[in-house]
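Novice: Residue numbers (numbering that gives the first Met the number 0): 0 to 143.
Bear in mind the hints are in silico, worked out from the structure with no lab data behind them.
Hints are supplied without guarantee of correctness; some may be wrong.
[To be verified] Simulated restraints, written as ranges between beta carbons of each label pair: (1) A20 to V125: 30 to 40 Å; (2) K53 to H15: 22 to 32 Å; (3) S37 to A101: 30 to 40 Å; (4) G123 to P143: 28 to 38 Å.
Where a beta carbon is used, it is the ideal one built from N, C-alpha and C, also for glycine.
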Amino acid sequence: MTTHHPHHAHRPHQLHRLNPAELSPPSGFSHAVTATGSQLVFLAGQTALDTEGKVVGDTLPAQFEKALGNLLTALHAAGGAPSDLARVTVYATDVADYRAHAPELGRIWSRLAGRDYPAMAVIGAVRLWDERALVELDGVAVLP
0 MTTHHPHHAH RPHQLHRLNP AELSPPSGFS HAVTATGSQL VFLAGQTALD
50 TEGKVVGDTL PAQFEKALGN LLTALHAAGG APSDLARVTV YATDVADYRA
100 HAPELGRIWS RLAGRDYPAM AVIGAVRLWD ERALVELDGV AVLP
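Turn these sequences into a full structure, and let the hints steer you where they fit.
Specialist: Okay, structure coming up:
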């Protein structure tokens with residue numbers, strides 16, 4: 000079994016992002032992603048939990064940053080990098096608040112995950128597993 004270097008700078012792109020002109024221009028996501036590779040990684044929903052299982056951060060951006068960091072930590076443990084993400088779903092307890100913070104959330108995403116955007120959806124949720132959680136992210140990655 001081979002291990003993967005966490006940054007994969009040397010390998011060819013396994014994901015191709017498609018954004019047809021017939022659809023509205025995407026901002027912070029890709030309309031479609033095709034993937035070729037040898038391993039799928041299914042990432043469980045991550046909220047802003049610390050190592051002791053407590054939600055940290057009182058604002059949506061703070062929780063988003065921690066939740067995304069947690070998702071990327073799980074991905075790295077599987078040998079993947081942010082550019083391997085084919086699909087991410089964001090569950091938000093307040094979509095209006097999410098939209099209001101969208102520019103800041105986009106900057107957090109770019110800083111942590113770069114600009115190779117997966118196919119994404121944002122879904123409003125009445126509540127998440129932990130009552131204090133404002134946002135949860137899950138995803139699927141494809142490794143070479």
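Novice: For each hint given before, does the structure comply? Return the numbers of the non-compliant ones in rising order.
Specialist: Violated: hint 2 alone.
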